[in-house]
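Undergrad: Chains as they are written, first to last, in numbering that gives the first Met the number 0: chain V, 0 to 76; chain R, 0 to 351.
It is possible that some hints are incorrect.
[What the hints assert, rightly or not] Derived coverage of chain R by chain V (criterion: at least 3 residues anywhere in the stretch with Cβ under 8 Å from a Cβ of chain V; other residues may be distant):
| hint | region |
| --- | --- |
| 1 | 274 to 285 |
| 2 | 316 to 326 |
[What the hints assert, rightly or not] Over 10 Å on every C-beta distance to chain R, these chain V residues come out as not near it, computed from the model:
| hint | residue |
| --- | --- |
| 3 | A3 |
| 4 | L13 |
| 5 | S14 |
| 6 | A21 |
| 7 | L26 |
| 8 | A31 |
| 9 | A38 |
| 10 | I47 |
| 11 | L72 |
Derived from the structure by calculation, the hints contain no laboratory data. These figures come from a predicted structure and were not determined experimentally. No residue lacks a Cβ here, since even glycine has one placed at the ideal position from N, Cα and C.
Chain by chain, the residues:
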Amino acid sequence: MMEANTALAFALPLSLALTATAGALGLGKAVAAAMDATARQPEASTKILVNMMAGCALIEALTLYALVFGFSLMGKI
Amino acid sequence: MDARVGVNAAHDPDLWPACGLFYQHPCRESFWGAGFFNADADGTWTYGIGHAGLAADPAIEPEHKKVLKAMTEHETAQVVHEMAQHAAEHASHGTHEAHELANFVTVLGNLFPDAGWTHFLHQWENVIFTLGVAALITFTALRGTRAIQQIPGGLQNFCEAVAEGINAFATGILGPHGPKHVPFLGTIFLYVLFMNWSGLIPLMKSPTAAWSTTLAIGLSTMVYVQITGIREQGPVHYLKHLAGNPQNVFGIILIPLMLTLNIILELVAVPFSLSLRLFANISSEDRLLFKFAELNVLFKCLPFFFQLFANVLAIIFSLVQAFVFMLLSTVYISLVLPHEEHGHEEHTAHAH
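Given these sequences and hints, build the entire structure.
TA: Here it is as structure tokens:
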């Protein structure tokens with residue numbers, strides 16, 4: 000039988016790693032698409048960069064929600 | 000977490016699972032007061048100070064002596080109880096484990112731990128730094144616009160460049176409505192940017208690393224967006240929009256659902272997502288800087304270049320986060336502005 004502390008100590012880093020993996024995949028997709036678009040239309044690179052950054056911030060915010068959640072649960076260990 | 004670095008050096012790692020209680024000293028720098036209790040297999044308590052060198056710190060000396068004096072099990076249990084209460088008290092006051100670099104408020108708090116005014120300062124530290132940033136922006140703007148010349152130079156030139164950049168950005172998204180919202184958007188951008196950056200200055204702190212600050216900005220953004228919506232669309236159209244634009248009987252039946260959904264999405268989700276995004280980014284940045292500084296202390300400045308890298312990263316990401324906050328505010332404003340063409344399209348789509 001696993002104690003709650005032990006379970007949390009295993010689950011917190013794993014859950015953060017899981018969300019970070021998913022976030023990295025999403026960011027990779029966004030950046031790849033932006034790079035393609037920049038290669039096709041170099042004159043629009045500033046606009047594409049701004050839009051990509053907004054998207055990237057939205058994607059990585061999800062990972063950071065998991066981080067905040069992890070920090071708040073870390074107090075229970 | 001921090002205590003374990005020291006604990007590992009001082010104690011047998013096999014005893015880790017038996018670790019009974021972590022006690023964080025009230026002074027915020029955890030590696031100063033990283034003491035802990037360890038329950039051995041036979042039920043006796045041992046006490047360890049994480050770092051022998053740092054344990055000589057005068058700030059923890061009385062506690063240390065107190066613990067070492069309590070040799071019998073009964074007394075130790077009492078001290079454990081006291082300390083647990085103390086720790087719980089501090090946790091409820093929000094001054095638990097340090098996770099940021101020390102600022103001048105915490106330094107003053109360590110110098111005068113029993114003075115009432117340092118406690119007061121500590122309670123209001125976010126507000127103090129927020130006001131400092133607001134004062135900086137205000138005085139810069141006042142100085143830049145004091146003697147306006149036809150050919151700008153120096154500070155006026157800089158202020159004009161910033162204002163024009165923000166104006167161009169807002170006009171690019173909001174169109175002709177843009178310049179009206181520049182004061183709000185520009186304030187948000189500069190305010191958040193300088194609050195993010197202020198954590199990189201020694202003895203300063205990022206107020207945005209606390210949720211209270213970012214939630215306040217998020218809530219004011221939400222209120223501004225809703226007021227803009229009411230003013231631009233008119234109260235009737237605004238309520239219709241909240242009710243999901245009912246066109247027929249089916250739409251009227253769906254009103255309760257759409258109303259709940261729209262209220263949650265626009266009044267609750269907007270400030271929450273805005274504030275949590277900023278808070279999570281900036282607080283994790285500060286934690287990263289703190290951890291690297293801690294490693295520098297523990298490992299003789301070896302990870303210095305990591306910290307340099309983290310600092311550069313923090314500068315860039317502070318800028319990006321401030322920009323994203325402004326961008327999302329602009330997008331939310333653009334969503335509540337009336338779109339004649341858009342409404343027409345929707346209408347024809349329904350007619351088909």
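Undergrad: Against this structure, judge whether each hint is valid.
TA: Consistency of the hints with the structure:
no.: 1; hint: 274 to 285; verdict: holds (count 7)
no.: 2; hint: 316 to 326; verdict: holds (count 5)
no.: 3; hint: A3; verdict: holds (14 Å)
no.: 4; hint: L13; verdict: holds (17 Å)
no.: 5; hint: S14; verdict: holds (15 Å)
no.: 6; hint: A21; verdict: holds (16 Å)
no.: 7; hint: L26; verdict: holds (13 Å)
no.: 8; hint: A31; verdict: holds (19 Å)
no.: 9; hint: A38; verdict: holds (23 Å)
no.: 10; hint: I47; verdict: holds (14 Å)
no.: 11; hint: L72; verdict: holds (13 Å)
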